[in-house]
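Please build the complete structure, drawing on both the sequences and the hints.
Taken in sequence, the protein lines are chains P and V. Quick note on my numbering: the first sequence kicks off at 1 and runs consecutively. Quick note on my numbering: the second sequence kicks off at 1 and runs consecutively.
These are computed hints drawn from the structure, not numbers from a lab. Do not rely on the hints blindly, as some may be mistaken.
Stated by the list, open to error - Derived lysine-lysine pairs resembling DSBU-like cross-links, with alpha carbons at most 30 Å apart:
(1) Lys92(V) - Lys14(P)
(2) Lys24(P) - Lys138(V)
(3) Lys44(P) - Lys233(V)
(4) Lys21(P) - Lys135(V)
(5) Lys92(V) - Lys48(V)
(6) Lys274(P) - Lys188(P)
The model shown is predicted, which means the values in this text are computed figures rather than measured ones.
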Amino acid sequence: MAETMLATRDVYGKTLVEIGKENKNLVVLDADLSESTKTAMFAKEFPERFFNFGIAESNMMCFAAGLALSGKVVFASSFAMFATLRPYEQIRNSIASQNLNVKIAATHSGVSVGEDGLSHQTVEDLAIMRVMPNMQVFVPADGVATAKIVKQAALCPGPVYIRLNRPKTEVIYDESYDFVIGKMNVIKDAPRADVGIIAIGTMVPNALKAAKLLEEEGYSVIVADAASLKPLDRETVVRIAKSSRLVVTVEEHSIIGGLGGAVAEVLSEDFPAKLLRIGIMDVFGESGSPAALYKHFGLTPEDIFRKILKQIR
Amino acid sequence: MEKTEKERLEEVSKKLRANILMMLTEAGSGHPGGSLSCIDILTYLFLKEMRYDPANPHWPERDRFVLSKGHAAPALYAILSHVGYYSSNLLKTLRKLGSPLQGHPDSRKLPGVESSTGSLGQGISVAGGMALAAKMDKRPTRVYCLVGDGEIQEGLVWEAAMAIAHFGLDNFCLFVDNNGLQIDGLVDEVMNVYPIAEKFQSFGWHVMNINGHDFEEIEKALQFFQTNQGTGKPTVIVAKTVKGKCVSFMENKAHWHGVAPTKDDLLKALDELGCLESMEEWNAEGE
Numbered sequence: 001m002a003e004t005m006l007a008t009r010d011v012y013g014k015t016l017v018e019i020g021k022e023n024k025n026l027v028v029l030d031a032d033l034s035e036s037t038k039t040a041m042f043a044k045e046f047p048e049r050f051f052n053f054g055i056a057e058s059n060m061m062c063f064a065a066g067l068a069l070s071g072k073v074v075f076a077s078s079f080a081m082f083a084t085l086r087p088y089e090q091i092r093n094s095i096a097s098q099n100l101n102v103k104i105a106a107t108h109s110g111v112s113v114g115e116d117g118l119s120h121q122t123v124e125d126l127a128i129m130r131v132m133p134n135m136q137v138f139v140p141a142d143g144v145a146t147a148k149i150v151k152q153a154a155l156c157p158g159p160v161y162i163r164l165n166r167p168k169t170e171v172i173y174d175e176s177y178d179f180v181i182g183k184m185n186v187i188k189d190a191p192r193a194d195v196g197i198i199a200i201g202t203m204v205p206n207a208l209k210a211a212k213l214l215e216e217e218g219y220s221v222i223v224a225d226a227a228s229l230k231p232l233d234r235e236t237v238v239r240i241a242k243s244s245r246l247v248v249t250v251e252e253h254s255i256i257g258g259l260g261g262a263v264a265e266v267l268s269e270d271f272p273a274k275l276l277r278i279g280i281m282d283v284f285g286e287s288g289s290p291a292a293l294y295k296h297f298g299l300t301p302e303d304i305f306r307k308i309l310k311q312i313r
Numbered sequence: 001m002e003k004t005e006k007e008r009l010e011e012v013s014k015k016l017r018a019n020i021l022m023m024l025t026e027a028g029s030g031h032p033g034g035s036l037s038c039i040d041i042l043t044y045l046f047l048k049e050m051r052y053d054p055a056n057p058h059w060p061e062r063d064r065f066v067l068s069k070g071h072a073a074p075a076l077y078a079i080l081s082h083v084g085y086y087s088s089n090l091l092k093t094l095r096k097l098g099s100p101l102q103g104h105p106d107s108r109k110l111p112g113v114e115s116s117t118g119s120l121g122q123g124i125s126v127a128g129g130m131a132l133a134a135k136m137d138k139r140p141t142r143v144y145c146l147v148g149d150g151e152i153q154e155g156l157v158w159e160a161a162m163a164i165a166h167f168g169l170d171n172f173c174l175f176v177d178n179n180g181l182q183i184d185g186l187v188d189e190v191m192n193v194y195p196i197a198e199k200f201q202s203f204g205w206h207v208m209n210i211n212g213h214d215f216e217e218i219e220k221a222l223q224f225f226q227t228n229q230g231t232g233k234p235t236v237i238v239a240k241t242v243k244g245k246c247v248s249f250m251e252n253k254a255h256w257h258g259v260a261p262t263k264d265d266l267l268k269a270l271d272e273l274g275c276l277e278s279m280e281e282w283n284a285e286g287e
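Here you go:
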């Protein structure tokens, strides 16, 4: 029987092992968090192709560049905070500038890292990774999508940022799910709708639940998964805007610069339309359980439902 | 080293110094001081030490050189041209729009540049990744890297120094271009980096101090690196150098870190080097 809950990081670890069996060129790096990021699974299977850099993420990123310049396909992992904000300039000047085959797979993103609090909660990573030339940004919506996205990332040339999470999250896809770079996955479609919701990562399951609540109130809803945040599927963004009275973005990330920012850019250029951005409202996180934090930041299905209802009623 | 060989190397490095200065004057900006302090080391590495093939720049078994202090790009461009990666005509395009000779080295634009550098501290770490890959693949590749003495103020240099030793990369040879100056002044006054050799030693490296302008000492240092193969420890050569070496008015002056010579400065410098005829060749080429 298929799992109903999966942690994207667990799937990441297992998928690395799977890819590593076929691709002998695959090298995996970590910075003292391999048990948490699950790269330890790869380390156990292929110790000669795993390197731990200790608590030195900038050095890990530059070593990754050197390995890639020597023909390796490199996955480098840490928590999202320490895999993006900390070594940002090294990623920019040593990896992205040379368009190298380095895949930065970061776990514990967003506020759902939970009790560790502000210093470990990344609400800016999508914005800063998206703005970097050459960098592709993929965010799986669940465990099933994670396996497909990690495999795609290993095959596609150039640098990739993959955003993963700590807690187990609901599985929404089955094996028929197909990840295509630059394509949005429209999960729930309609020729005309009251609301077109574009969600990403952990917020896709919540958006689907919010859509159900809206439908119970008699509203028609489109729901799309923007797993390929960059390159973004501009065409589908416009199509959703054309078919809906209101476009909504939902993300476990600042409303500035991430999915909300990306969709706002497309709409303002290609099809000006009313947009509601749901996410972290330009504030830092704090300690709490993931569930308590989702409630606190207004990211539960009920919160999403209420915020949308307020706009379309 | 035979006297004639030493004279040959000195002749080449003199010509390369002239090229560096002419390039910078033509560009109107760039970094003469640190280019002149490291050019003798680069001359020896590319003429006597490293295995590479300009006709096949991606030959997997080649040795790698990474210029971590990327602002000394003119020195790298001069030697790469001299050994045949591209025509010396290209040197005239330094820092101009569309040129493969970017202000700081860009591996995507110029063959022979192993990694893009310029943001200090990163080149040594990237070079560490290359040395690690060579070990994994059991290639005979050696990796040579040059950092500035001001550059080692970057914390990343020490993260890399720790990792290169930790991974047992005895195929890694680091030169510290110890010219004693950085943009804001003396390295020991801006932020003291001394003692350099002892720091690396405590990080688990083989260390040797040399005069970075004496080809015999550079040769001995690289023989030392050779004898360190199989020990599981990387080698660092702390090379005492002179910023602006061989141009009297540039020597030991922080001012000449990042200022290009004017036409008058250039003529004076070439005269001192005994390379005034280089100017005629430079002007004649490509016409």
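Which of the listed hints are not met by the structure? 1
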